[in-house]
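Visitor: One-letter residues, chain by chain:
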Amino acid sequence: MGNRRVFTSENILAAIFWLACCTYPFLHNTYFVNNFTYYFIMIIFMMSLYVLWGFTGIFSFGQAAFFGAGAYIYGIVSKINPDNSALNILGILMAVLICFSAAAILGMFIYYGHISANFIGIITFCLSLVLQTFMTQTSGPEWQVLGVPLGGYNGLNAIPSISIMGFSFEKNSMYFLCMALAFVFYLIFRKMQHSRIGYMLFGIRENAERSELFGYNTAWISTLVFAAGGAIAGFAGVLYASWGSYVVPSTLGTSISFIGVIIIALAGRYSITGATLFTFIYVWFTRFLASQGSAYSQIVQGILLVLIMLFIPRGIGETVFSLGDILIDKLIPKKKVKKDQVQKEVTRYAD
Amino acid sequence: MLQMIYNFLESFAYISLAALGMSIIYGITGITNMAQGELMLIGAMVVSYMCGMARVPFIVGIIAAMAITAIAGIILDRLVLTRLYSRSEDSLVCTYGVSIALMQVGTIITGTGAPATKSPFGTVLIGSRSYSAYKFIIIAVALILFGVLYMVFNKSRFGLHARATMERREIAASLGINVNKMNILVIVLASALGGLAGALYAPTMSVTGTYGSNFLTHAFVAMIIGGANPLVGTFIAALVLAVVESVLSLYFGAFIGRIGMLLVAILIIRMIPGGFSGMVERAMVKSRKR
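Protein chains in written order, with the numbering used here: chain A, 697 to 1047; chain B, -9 to 280.
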């Protein structure tokens, strides 16, 4: 643990990625920058799933339900009076809080009810499906919350962007806000991988029963993690609503959850850098496919998911990183470190 | 009142037909098959194209649908599921990939909808209301299916082996049951059931790529609260859910009915661990002890 190396392929790639992100807005026009912001929002959303699936082994198929709920709540609250920026902040807080508590309640039912792990995915899947169908049919004038019509299939439009102290985040400033947030989340989870909390969650992932015997209250911890995942997804939803200034029912739906699941599965559940980079690549790639108007993109994605799950269950990200590390080891001959280590080993055996 | 009973029976048939195949696969092999909805889509498409376009008799269409979905089940098993028996927790994600791909294939083939099949048998007048006679056939099929499956699982050699595999996989294998062969047989059975259900509902709904996902919520919920035993669990779960859904939809509309069903399901899992089959098992153990 003590002498972890700095120049691993993971670190190098991550550094390149984040530096490229920093310089991107200075090299491209606002249109591209605005598109790029979407990638960061997806990265944050995806991290909510990563915490659940990668860290704790909780498989949620309904993260989009929280994502969409966050977006809707922010949209509704901020649309009560678009000129009042205090409502804006209230909207963010409410979205995160409601998503947190909704996820906590659901998690409580799941974990204290001792539901088999397979069913958690199914329950969250159903939740997301039901929410989507519910929001789709809210088109009539009788469906409004605090004077804001829910809009049914068309969803909410003209949602004001996030503004704090009179400064509203749009275009380039929104880009930097989202990038900073994504980076903060990235750092937190990167650190968490080698912290006590991280190890505790890994323990639950690997064997919940054993962790419980070690004295961890796994039901409570899992519930908390589930709730935190919901809150992060809700927060990503807020950013999404603010960025695109619209929410539609399909935001709640299973197709967005599916994107999250496929990214984590492809990237590898055990590598946050891989997941981050892959979110970027994947979202870019699907947008490219969609712009080509190909009807086959979903087929390709589905088959890809099956193949990866069958043959590379650890995911591409990790495989690439471990191969990269081997390559680096060969490129940079380690002289001193190795000698020292050998010396140490020798002295230890001599003792 | 009559309307309510009719709604209840209709809902019962819908839930049990949707859930049976899936819960049989889950109960015996431990795999959550998300692609079951797409097997139903295949069944529906076979019927639509054979009966709606080629004017083949409906019964022949259904039999063909079952045969073709059974073959599809074998292909699915050989290509994907065989590799998943040892790690069933990954099966959900994996079969969801299959489901997504097949759904899109279905969308490309059917476009805005496969040729419509006419609902056979017309309508029946009961009292002052007219009901679709075809719905009664479906209800009858669902009930008969439970009877037949009960006989298969409790009276035949295959059923005995299947139940043994369900209870203790390793011990069943060590006693000479070919567990892998069992898996394939179970998948074929469940696929054919999915094909049957899909084919039966093809005349009543529009057959598009997302046809299969209409059934998913019901199937899942019934499977979850049914528990490990595919027959007993699904039967009771379908009964309970049908009551909840038919009563709620009659008074508040279909959406509240669906949401209510989901909430009841979550409550039931919280109250009765192991689902309904767990409850039945405990009751049986108790009565035997006396």
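In short, the hints are calculated from the structure, not lab data.
Note that the structure is a prediction, hence the values are computed from the model and not measured.
One thing to keep in mind: the hints can contain errors.
As the list claims (entries may be wrong) - On the chain A side, residues computed to face chain B include the following (Cβ under 10 Å):
1) 806
2) 827
3) 893
4) 1002
Said to hold, decoys possible - Using C-beta positions, here's what the derived DEER-type ranges look like:
5) B/61 / A/911: 50 to 58 Å
6) A/941 / B/57: 49 to 57 Å
7) B/260 / A/714: 37 to 45 Å
8) B/168 / A/909: 30 to 38 Å
9) B/61 / A/1018: 39 to 47 Å
10) B/242 / A/785: 49 to 57 Å
11) B/53 / A/941: 36 to 44 Å
12) A/785 / B/246: 29 to 37 Å
13) A/1020 / B/106: 53 to 61 Å
Backbone N, C-alpha and C define an ideal beta-carbon position, used for all residues, glycine too.
Visitor: If a hint holds in the structure, say so; if it does not, say that too.
Guide: Verification of the supplied hints:
no. : hint                       : verdict
1   : 806                        : holds, 8 Å
2   : 827                        : holds, 9 Å
3   : 893                        : violated, 23 Å
4   : 1002                       : holds, 4 Å
5   : B/61 / A/911: 50 to 58 Å   : holds, 52 Å
6   : A/941 / B/57: 49 to 57 Å   : holds, 52 Å
7   : B/260 / A/714: 37 to 45 Å  : holds, 44 Å
8   : B/168 / A/909: 30 to 38 Å  : holds, 36 Å
9   : B/61 / A/1018: 39 to 47 Å  : holds, 41 Å
10  : B/242 / A/785: 49 to 57 Å  : violated, 36 Å
11  : B/53 / A/941: 36 to 44 Å   : violated, 54 Å
12  : A/785 / B/246: 29 to 37 Å  : holds, 34 Å
13  : A/1020 / B/106: 53 to 61 Å : holds, 56 Å
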